[in-house]
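Respectively, the protein sequence lines represent chains A and B. Numbering follows this note's numbering, in which position 243 of the first sequence is assigned residue number 243; successive positions increment by one, without gaps. Numbers given in this note's numbering equal positions in the second sequence, counted from 1, plus 1000.
One thing to keep in mind: the hints can contain errors.
[As the list claims (entries may be wrong)] Covered by chain B, according to a simulated footprint, are these stretches of chain A (three or more residues, beta-carbon under 8 Å):
{"no.": "1", "stretch": "209 to 216"}
{"no.": "2", "stretch": "381 to 395"}
{"no.": "3", "stretch": "425 to 431"}
{"no.": "4", "stretch": "471 to 479"}
[Unchecked claim] If you anchor each label on the Cβ, the simulated ranges turn out as follows:
{"no.": "5", "chain 1": "B", "residue 1": "Q1063", "chain 2": "A", "residue 2": "T4", "range": "25 to 33 Å"}
{"no.": "6", "chain 1": "A", "residue 1": "S19", "chain 2": "B", "residue 2": "L1019", "range": "56 to 64 Å"}
{"no.": "7", "chain 1": "A", "residue 1": "D101", "chain 2": "B", "residue 2": "K1026", "range": "39 to 47 Å"}
{"no.": "8", "chain 1": "A", "residue 1": "T323", "chain 2": "B", "residue 2": "V1037", "range": "47 to 55 Å"}
[As the list claims (entries may be wrong)] Negatives, chain A to chain B, calculated, CB over 12 Å:
{"no.": "9", "residue": "L180"}
{"no.": "10", "residue": "L417"}
{"no.": "11", "residue": "L453"}
Don't read these hints as lab results, they were simulated from the structure. Beta carbons are placed, not taken as given, at the ideal position from N, Cα and C, and that holds for glycine.
Each chain is listed here by its residues.
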Amino acid sequence: MTMTLADLVPLLPLLIVSSTAVLLMLQIGIRRSHKVTVVIALSGLLLATVVAVLMMPTMNQQLTPLLIIDQYSLFFTAVCCAAAMVIVILSYPYLSRLDDDKDEYYLLLVIATVGAIVMVSSNHFVSTILGLETLSMSLYGMVAYPLHSKESAKYPLEAAVKYLVLSAVSSSFMLFGMALIYAQTGTLAFSSLDSDAAVSLSDSYAIVGVLLLISGMAFKLSLAPFHMWTPDVYEGSPLPATAYLATIGKTAMFVVLLRFVIVTEALRYEAVMIVFSLIAVLSILAGNVLALLQNSLKRILAYSSIAHMGYLIIAVIASYFATSTISIEAVTFYLLAYMIMSLGAFGVASVVSSSEKEFDLVSDYQGLFWRDPWLALIFTGMLLSLAGIPLTIGFIGKFYLFFAGVESALWVLLLVLVVGSGIGLFYYLRIVYHLLLPAPTRPQFPSAANENLGAYGVLTILFLLLLLLGVYPARLMTLIETVAAFI
Amino acid sequence: MILVALIGILFLGGVLAWLSERLDSKLPRVIALAALVLDLLLMLTLLGGDSADGSWIVALNVQWLPRFGISFHLAADGLSVLLLLLTAFLGIIAVGSAWIEITERSGFFYFNLLWTLAGVLGVFTALDLFLFFFFWEVMLIPMYFIIAIWGHENKNYAAMKFFLFTQVTGMLMLVAILTLAYFHYIQFGFFSFDYFDLLRVTTSSAVEMWIMLGFFVAFTTKLPIVPFHSWLPDAHSQAPTAGSVILAGVLLKTGAYGLIRFAVPLFPVASLNFAPIAMALAALSILYCAKVAFAQTDLKRLIAYTSVSHMGFVLLGIYAWNEIALQGAVMTMLAHGLSAAALFMLAGSLQHRIHTRDMRDMGGFWAKVPRMSAVALFFSIAALGMPGLGNFIGEFLALLGAFQSNLPMTVLATFGLIFASVYSLWVIQKIFHGEYSNSKFNDSHLSDLSRRELAYFGAMILGLVWMGMYPQSFLDLTAIALQGLLAGTQELVSTVVQN
């Protein structure tokens, strides 16, 4: 198959982000400037977001066997690029006091976004691995970035090495799973595995191949029992990198998982179904219970992300039994909601921290309500949304999940979801409670509203989105209903 | 539109009150008072309203989330209007009781107070089950803040317990609502959360029972009824006075309202089968909590347990499900709203003056604070069910109605009236009679009721006397609404019985 120029049009967002990376590299070679780097990265990502949004209504094309550019992938391309922009803006004040060169960080961030775009557009094992490795390789660098700062992000090197080793192992699990599947079916496309395919997997093969693949994915999504790395890596990495890992990294992987499960109908194998259910239950319980014991904000958010990924798996399981697309919509909506609230929560911590000194303990935020009410309000909003309280997007997201579960009659999983959310209230409210306590006499960190106007602005936008989509999500629901039909 | 205005005024007033704190720390309370008085006046216009289409006085129905068939459906009938009036009235009283007591961060306090009340107004008027659940949850977080920030010594524990109990059972209700909506989808082919659509859903009896239980647990946790009551004594004893007033006067009533409006009419057959158990729980609640109340030394905990005990009559009346019993339940809700709120305010004003709630330290206050003592005596005998006052009418009607449907439980429950006299009079005797004792506290601030306090206690006394002397004016207001609910379920039950 020869590619014409017209074939490149669907790839525009990917091409734009890739050329942004090239441009950044050239700019760094010519003259280093933190500001210019940020402006280039931002404009590239903004352009990609806009192009993806403009292309969304009309595009639906399988481009080479590797990539599918449909409304669903474009939706997440736009979301990932927008989130990357938010993280760039949050990184700027965070890194501004770093002694080392700061520019390569943005280069890594943009390359990681290229990987994320490939992943959300992938319906073939090859593009999955290519995207995943592009994303992960860049993330190792981002996690270890403030290596030489004195006090900072306590253990960036430890976190990076831990993430590197475990991530490589999980990738090899996935590769082995893919190889086994290839050995029997002879193709690497997801669609080759569905129930009407010419050569379908025998049960024993499916158990080994698909389960290896799923355990690799579960590692990247930090689902229990593959979650051990999460709290340590979250704690050790600089805050903006943690935010990237927690939002874009997870979302891209989850889109691949969803597409894989839907297209291949992997859940028709009983073993896969059991494993998925166990993973969901374990993640919800382990994540929520272990979060109770933490004092570090990053570790709490790490465990809570384990639980949230568990909630999402319920909707994935529901998609197998459901006749409508509501469970796919539930996953889509919740991923978006999770992205907004995580970015917000990490963003608040990032705004008051810098690469030299991170404020990570819950007690650091004591009395924030009376010192910096606006920031505290944003933080409270994000936490309540994570807990699923009305007026926030998290509530609508949870409503979607419940609906998906009820539609497929997953009563046991729903009960676990109720219990998990109940436990979750404890640690979210504990942080809120600390925000409300009287401020200590000596403030831990200065109010930084004047220095970080950009970051404050972004957080405000996230907060308004959180409320708007929590009260009037009808438009977004219609959009998601349309894009979900494509998967 | 008027219903949106009622809720909107409180939401907006809350925000304004918060912002106005920057100008002057006394401005928030004025704004809160103005918002609530405006609401009360608007509600009074509903009273003369003509109920043209059936029993609904006003209604509003616009699409909200079409994907799930969720609409923004608010409506009020006589029952709702009466509870709306109670909410606004007690809201004003709560602002009055916080007038002096809340000095720190008053802006945020009145913000939370108004938002809680806005959620309650939404609960009393929502006719879309998603919207209902939405408001049900909206009132929780501000209440959590009220207890957690302005509460007493053990506030974090109490606030967390309150939140967990109501939130987790709320989730169960959400699952029940979704299941019901899903059955509607199966039977009629489209999603809807509308009350009238869901009324038409029929399910097998086992499923109906499970869904009904989801609602029942959420509502009886809020009411509360043994064994879901243990959050209430903690929440009440730790909350600031205004918080207790709202909790006892209004928030508990949302549970009863939910049972009357949703739990029974949506699941008439399951409710009929479940009624003996519900009434047994009611009787247990009445007797057990009356006994436990008697063992308390903390004044606020004592009143909290009596609240649970009195709410037992409401549950008894609701599950008797005939007109007299329902009228009784509604009257009890209103009268208890006033009497319990007043008792909590008295306890709160005592605590404000002498900084203790421990009854063992108190005694012989009559000589020192005669007006407060007289007021306390009035509300105590109102609460124990003295004929001529509102509580008597409510509890008597509830028992009269329940007598027709479940004799043994009614007889048992009636003993609650005797226990109520015992603990009420015991409290009066302990605190206000006997030797004056001030060895355990500093009584330099123990002053009698001020004019402001007399004004709002006077208003509540008037209300209770009115309810007791001329209850017909309230019964007329709710009669049409309750008859409508009864007729709807009887039709369904009789068709099922015939089949």
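Problem set entry | Enumerated hints in conflict with the structure, sorted upward | The structure conflicts with hints 1, 5, 6, 7 and 10, although it agrees with all the remaining ones.
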